[in-house]
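Going line by line, the protein sequences match chains A and B.
Residues in the first sequence are numbered from 51 upward in steps of one, following this note's numbering.
Residues in the second sequence are numbered from 158 upward in steps of one, following this note's numbering.
You may find that some hints are simply not true.
What the hints assert, rightly or not - Calculated lysine to any residue pairs in the SDA-like style (CA-CA distance at most 25 Å, straight line):
| hint | chain 1 | residue 1 | chain 2 | residue 2 |
| --- | --- | --- | --- | --- |
| 1 | B | Lys441 | B | Ala460 |
| 2 | B | Lys273 | A | Lys89 |
| 3 | A | Lys243 | B | Glu498 |
| 4 | B | Lys273 | A | His152 |
| 5 | B | Lys370 | A | Pro107 |
| 6 | A | Lys89 | A | Gly170 |
| 7 | B | Lys273 | A | Thr157 |
| 8 | A | Lys243 | B | Phe496 |
| 9 | B | Lys370 | A | Leu108 |
| 10 | B | Lys273 | A | Pro189 |
| 11 | B | Lys371 | B | Arg327 |
| 12 | B | Lys370 | B | Val339 |
It should be emphasised that the hints constitute simulated quantities derived from the structure, not laboratory data.
No experiment lies behind these values; they were computed from the predicted model shown.
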Amino acid sequence: MAIKTYLQAISDGLREEMRRDQRVFLIGEDIGVYGGAFKVTQGFQQEFGEDRVIDSPLSETAITGACTGAALMGMRPVCEMQFSDFVSCAFDQLVTVAAKQHYRVGTPVPIVVRLPSGGGFSGGPFHSQNPEGFFAHCPGLKIACPATPADAKGLILSAIRDPNPVLYFEHKHLYRRIKGEVPDGDTAVEFGKARVHQEGSDLSIITYGAMVYTAEEAAKAAAEQDGTSVEIIDLRTITPWDREAVLASVAKTSKVIVLHEDTHTSGFGAEIAATIAEEAFETLDAPVMRITAPDTPVPFSPPLEKAYLPQPGDVLAGIERLAAY
Amino acid sequence: MSTPARNISAVPEPAPAPRISDEEALNLYYWMVLTRATEERALNLYRQGKLPGSYYTGRGQEAISVGMAAPLRRGADGDWLSPWIRDLGSYLVHGVPVWRMFAQFMGKAGSTTRGKDGNLHIGGYEWNIPCQVSHMADMIPLTVGAALAYKQRGEDRVAVTSFGDGATSRGDFHEGLNIAAVLEVPAVFVAENNRWAYTTPISKQTKVTDLYKKALGYGIPAIEVDGNDVLAVYSAMSEAVAHCRAGRGPRFIECKTYRMAGHAAHDKYESYMPMELLAEWSDKDPLKRLEQALREERTIDEAKLEGIRTKVKDEVHEAVERADDDGFADPSEAHLGVFAEADTDA
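Using the sequences and the hints, build the whole thing.
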């Protein structure tokens, strides 16, 4: 057991899996010589060579399509979109080809698309997004959104070993800010199993990614304020997502906030809220509340971005409103 | 990632005059006759209301579909082949049984997609055909990736894909060619310039109507061949494949041809296609030309050709019967197979 940053944990997972499995290779823009825009793959090219750590042209479509082709030929490609925002350029290859391949003809596409995502540092409209909602709507893609260093490593291992296309959203704001214990060795984390980030009895917050920490801050404030006990469920993966864990928490607390950094309308929170309404209506003591980014692009300037991103104060206000029921 | 130096901006020398044996030529003839017979029969079935969806033919382009597939290695460990919608012959040459083609058109359980996809969206590991999608040019980056896998593993396999002139207007074409050149992968790109993308003529598609010139711009050696001459296509393809196997990077072949019908069986092409062009290209029919070459230049006995045609007729008849007898997948299968099960060799 060692204390690692979230970024080190991703890097460790990639390195260990590349050492274990010769089929794994990396491809992306500036990932080789330079080690990636965020240095997740620093030193990889020296260890694994140019054939397994490929600096590619600026071509998200070609990178993603080439990964699909190589995967069909028995490789385990992991590509990096330099920022998750740029996955829009690869949308067609993911949704049209990779996602539908196994359904159509039964041949698996074991690719991982790494997606540095999220805001909080004035990245502006094109370097801050959380585009998981687009892909959660598409059958055939798996989606991981780790919040902790242990999960960052455990889920990248599982993503690479999964026979399906996996979108791995790594939150940039967590890269160096979040440290935590990462178990040594082969510690793959199963997809579709939520984690109870903190136990509570009055209200549940269902969330994932960086918003786990926003929820934590709000919950701490609520506890200090009037002793409200908040349970935080970290989904870890949203395709598949752990309905049982969510419904169990709702049954326990009867009040629920669904929190994410993605925009509101048709965000993944809508799916969670609808499922709770369908399957846990009678256990609810209050309406299901969604706290999300507004339906706008991500603004650039610090005060505007702060107004965009869900803040602990927004979540605390939500807790207070639900507590009044 | 070092490869022998080469003059990437040059148009390669034309392949030496094809030394194709009579046996090889007759083999190409067999596949072309089978391709046309399969398509004609499928079109009849469509018109009789026996095929769901629509039907797309590659009539007039059989020399390309057969000529590009014939030099390839078949089987699961063979060469990757991702043909487009006009290349039914490629699927046959690369090993897909005729009856499964009909099963595919009918949406039967015996189709390679168990009825989950239609027309020439055919694939499977056993033939190393990935299963194309409808989006033109999407298979180009995939083909680069397959070739990349071969290169990484040091295998002398080749990845081949084909597409129409319309595909050259899409981003996947440009990104795919560019990355193939940069990564120096063993891929052959076959552009079938049939001068129509649905109702859009080549003049409205691009200002560079010699498509091979686009590939030269990416640093890929590229040539144009007469796409209605199967021997020319076969020779060019054999040369390109040998070049790839030798580790000399990608190749591009433009086959000049003409689409002898509408985009699909339901489209009224008389409304947009000049009939005089159709008549002109009708005289260049690739099957007629090969027959003529076999008879006149190679003095092959007509009875031999007739024997091939009869064999094909029987094969197609049997294939349709078998596909007809095949059932549909159980409706419950509509919900299955979105995700692959966990990998056991992880």
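Here is what the structure says about each hint:
{"no.": "1", "hint": "B:Lys441 to B:Ala460", "verdict": "holds, 23 Å"}
{"no.": "2", "hint": "B:Lys273 to A:Lys89", "verdict": "violated, 43 Å"}
{"no.": "3", "hint": "A:Lys243 to B:Glu498", "verdict": "holds, 17 Å"}
{"no.": "4", "hint": "B:Lys273 to A:His152", "verdict": "holds, 11 Å"}
{"no.": "5", "hint": "B:Lys370 to A:Pro107", "verdict": "holds, 21 Å"}
{"no.": "6", "hint": "A:Lys89 to A:Gly170", "verdict": "holds, 19 Å"}
{"no.": "7", "hint": "B:Lys273 to A:Thr157", "verdict": "holds, 13 Å"}
{"no.": "8", "hint": "A:Lys243 to B:Phe496", "verdict": "holds, 17 Å"}
{"no.": "9", "hint": "B:Lys370 to A:Leu108", "verdict": "holds, 22 Å"}
{"no.": "10", "hint": "B:Lys273 to A:Pro189", "verdict": "holds, 14 Å"}
{"no.": "11", "hint": "B:Lys371 to B:Arg327", "verdict": "holds, 12 Å"}
{"no.": "12", "hint": "B:Lys370 to B:Val339", "verdict": "holds, 17 Å"}
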